[in-house]
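Protein chains in written order, with numbering that gives the first Met the number 0: chain A, 0 to 268; chain B, 0 to 249.
Careful, some of the hints might be misleading.
Each computed BS3-like pair below joins lysine-lysine, with the alpha-carbon atoms no more than 27 angstroms apart [what the hints assert, rightly or not]:
1) A:Lys136 to B:Lys164
2) A:Lys115 to B:Lys179
3) B:Lys159 to A:Lys84
4) A:Lys145 to B:Lys145
5) A:Lys115 to B:Lys159
6) B:Lys145 to A:Lys115
7) B:Lys158 to A:Lys115
8) B:Lys144 to B:Lys164
9) B:Lys144 to A:Lys84
10) B:Lys164 to A:Lys84
11) A:Lys136 to B:Lys244
12) A:Lys115 to B:Lys164
13) A:Lys123 to B:Lys244
14) B:Lys145 to A:Lys84
For the record, the hints were derived by calculation from the structure and aren't laboratory data.
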Amino acid sequence: MVFFVKGRDTAIDKHNVLQFAKVDFQYGKNSSLVLEGLNFTITDGEFVSIIGPSGSGKSTIFRLITGLDNPTAGNVIINGTISNKRLGTIGYMPQQDLLLPWRTVLENVTLPLEIKGKNRNVPKDQVFTLLYEFGLKGFEHVFPTKLSGGMKQRVSFLRTILTGSNILLLDEPFSALDAITRLSMQEWLLEMWGKLQKTILFITHDVDEALLLSDRILVITENPIANLKELIVPLPRPRRIRDLAKPDLVKIKEQLIEQLRMKVNHEIT
Amino acid sequence: MKLLKSYFPSILIILFLFISWEIGAYLVNQTFIFPSPLQILIRLWELKDVLFLKHLPATLLIMVIGLLISIIIGVSLAVWMNVNKSVEKAFYPLLIASQTIPIIALAPIFVLWFGYSIWSKVVVTVLITFFPITVNTFDGLRSIKKELEELLLTMGASKKEIFLKLSVPSALPFFYSGLKVAVTLSVIGAAIGEWLGAQAGLGYFSRRMMTQFDGAGVFAPIVLLAVVGIILFLFVTILERISFKWRKTE
Numbered sequence: 000m001v002f003f004v005k006g007r008d009t010a011i012d013k014h015n016v017l018q019f020a021k022v023d024f025q026y027g028k029n030s031s032l033v034l035e036g037l038n039f040t041i042t043d044g045e046f047v048s049i050i051g052p053s054g055s056g057k058s059t060i061f062r063l064i065t066g067l068d069n070p071t072a073g074n075v076i077i078n079g080t081i082s083n084k085r086l087g088t089i090g091y092m093p094q095q096d097l098l099l100p101w102r103t104v105l106e107n108v109t110l111p112l113e114i115k116g117k118n119r120n121v122p123k124d125q126v127f128t129l130l131y132e133f134g135l136k137g138f139e140h141v142f143p144t145k146l147s148g149g150m151k152q153r154v155s156f157l158r159t160i161l162t163g164s165n166i167l168l169l170d171e172p173f174s175a176l177d178a179i180t181r182l183s184m185q186e187w188l189l190e191m192w193g194k195l196q197k198t199i200l201f202i203t204h205d206v207d208e209a210l211l212l213s214d215r216i217l218v219i220t221e222n223p224i225a226n227l228k229e230l231i232v233p234l235p236r237p238r239r240i241r242d243l244a245k246p247d248l249v250k251i252k253e254q255l256i257e258q259l260r261m262k263v264n265h266e267i268t
Numbered sequence: 000m001k002l003l004k005s006y007f008p009s010i011l012i013i014l015f016l017f018i019s020w021e022i023g024a025y026l027v028n029q030t031f032i033f034p035s036p037l038q039i040l041i042r043l044w045e046l047k048d049v050l051f052l053k054h055l056p057a058t059l060l061i062m063v064i065g066l067l068i069s070i071i072i073g074v075s076l077a078v079w080m081n082v083n084k085s086v087e088k089a090f091y092p093l094l095i096a097s098q099t100i101p102i103i104a105l106a107p108i109f110v111l112w113f114g115y116s117i118w119s120k121v122v123v124t125v126l127i128t129f130f131p132i133t134v135n136t137f138d139g140l141r142s143i144k145k146e147l148e149e150l151l152l153t154m155g156a157s158k159k160e161i162f163l164k165l166s167v168p169s170a171l172p173f174f175y176s177g178l179k180v181a182v183t184l185s186v187i188g189a190a191i192g193e194w195l196g197a198q199a200g201l202g203y204f205s206r207r208m209m210t211q212f213d214g215a216g217v218f219a220p221i222v223l224l225a226v227v228g229i230i231l232f233l234f235v236t237i238l239e240r241i242s243f244k245w246r247k248t249e
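Same shape as in the complex, but just chain A (with noise of 0.2 angstroms):
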């Protein structure tokens, strides 16, 4: 277990984008709590996973941090501000691509914009660099329904983008695409996020794709959540998938997957 260790201490840093400071959650005043005294602090730019099995919480979390939900106790800050108003101020990507099929892929990307009436501070030129660095040009005035999986994440990802938020949560974004699809998906999330200079936070139940993306990977391994498990992942970037091969990867993986396998047998029994 040398890669684990706790959860660093809780002072408010400018260097911290996000963090979560004492946390109690439960849905509700008679149901059982979700999340104890949860500490946890991302920084600027890391690349974050949250791993854990299903129904483990990690649905709560994040929607405590988009503000969904607030806490029953402790704080949630966000770029150095504690407020129970975080509605707006993250770029959530969600699981399914949930893009309005009314609008063309243009104006599904720039819903935010009009939502935070920004949409004349965005030049529309910029926009449209956007679409074709995704991939997406020759697209713009296409609906959703004649897109592809894969590109369907991409218009998904672009309008999480232009919320103009610093910090992305990413919520299994891959996990409906089959799976030639999402490594490809996966190796374009990393050059993107090279060049986007974004703190991505982002939720998956897959150990591959966990270990290929991430700088951090924090394990949800209890019931209550107090303490999220860390693991740091030893490979530099630009990483390949092939690197997952290497022999001190797999032993990584071996652990992690232990360690989720764990808290599963325990609920079984």
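Since chain A is already given, all that's left is putting chain B on it; use the hints.
Structure of chain B alone, referenced to chain A:
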């Protein structure tokens, strides 16, 4: 050509029915109660001036005014129920219950209240047509995906923005299917209204011909009513197609 091909089976059935009807009417040979399709068409041609210039416009006016009022009342009520839960609780059960009232049986009362003016017929039309518009629009507004609503919330959308950018576009297809039902019902509403008391209109004319034992004359305005219903229905379908360019790709 493609159109002909897709409707070929229904055209065949209609042809078969008309031919049987024609033969049946020929065998029965009592024109005043059982006219043949051909006789009806001839009568339609003979009556074309009075039917098209006097009675058709009168009926159309009732239908259009009735539908417009239904759309205004129906959509407003649906929106109100959507934004206010207590309004929904108060009105939704009443709305459903209102459909058990035999509106046709009530129609004579409206003649008592509004006299032989156009409004007694408009009220009957409204009562018949507002229900499908209200319920469909309301269901449409309610049909928005929770995930989409939450996504818009994370972008910082206000309630108003969610309504305009999500609820309204989601409800449109529902509204159109409600309108399609309403349009066909409006033909019935107008005709019933006219039976009870009117000085003009296709329903009124059909009933008058009945008292004169003019079988073909009874059917001629009914044919016209059916055609009007079909044309209005097609009109709504075309409107719908224009609004949903994105659906073509499905």
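Going through the hints against the structure:
1. A C-alpha spacing of about 25 angstroms is found between Lys136 of chain A and Lys164 of chain B, which places the hinted pair at or below 27 angstroms, so the restraint holds.
2. A threshold of 27 angstroms between alpha carbons decides the hint, and for Lys115 of chain A with Lys179 of chain B the separation of about 37 angstroms lies outside it, so the pair is violated.
3. Of the supplied pair hints, the one linking Lys159 of chain B and Lys84 of chain A holds, its CA atoms being roughly 18 angstroms apart against a limit of 27 angstroms.
4. Taking the CA atoms of Lys145 of chain A and Lys145 of chain B, the gap is near 24 angstroms; set against the 27 angstroms cutoff, the hint holds.
5. A distance of roughly 13 angstroms separates the Cα atoms of Lys115 of chain A and Lys159 of chain B; the hinted pair therefore holds under the 27 angstroms criterion.
6. A C-alpha spacing of about 21 angstroms is found between Lys145 of chain B and Lys115 of chain A, which places the hinted pair at or below 27 angstroms, so the restraint holds.
7. A threshold of 27 angstroms between alpha carbons decides the hint, and for Lys158 of chain B with Lys115 of chain A the separation of about 13 angstroms falls inside it, so the pair holds.
8. Taking the CA atoms of Lys144 of chain B and Lys164 of chain B, the gap is near 13 angstroms; set against the 27 angstroms cutoff, the hint holds.
9. Simply put, Lys144 of chain B and Lys84 of chain A have alpha-carbon atoms about 23 angstroms apart, close enough for the 27 angstroms limit, and the pair holds.
10. For the proposed pair Lys164 of chain B and Lys84 of chain A, the alpha carbon gap of about 22 angstroms is at most 27 angstroms, so the pair holds.
11. A hinted pair counts as satisfied when its Cα atoms are at most 27 angstroms apart, and Lys136 of chain A with Lys244 of chain B qualifies at roughly 21 angstroms.
12. Only pairs whose Cα atoms come within 27 angstroms are accepted, and Lys115 of chain A paired with Lys164 of chain B is accepted, the gap being roughly 13 angstroms.
13. With a C-alpha separation of about 24 angstroms, the suggested pairing of Lys123 of chain A with Lys244 of chain B holds against the 27 angstroms cut-off.
14. Straight-line distance between C-alpha atoms of Lys145 of chain B and Lys84 of chain A comes to about 20 angstroms, which keeps the hinted pair within the 27 angstroms bound.
In this structure, the one hint that does not hold is number 2.
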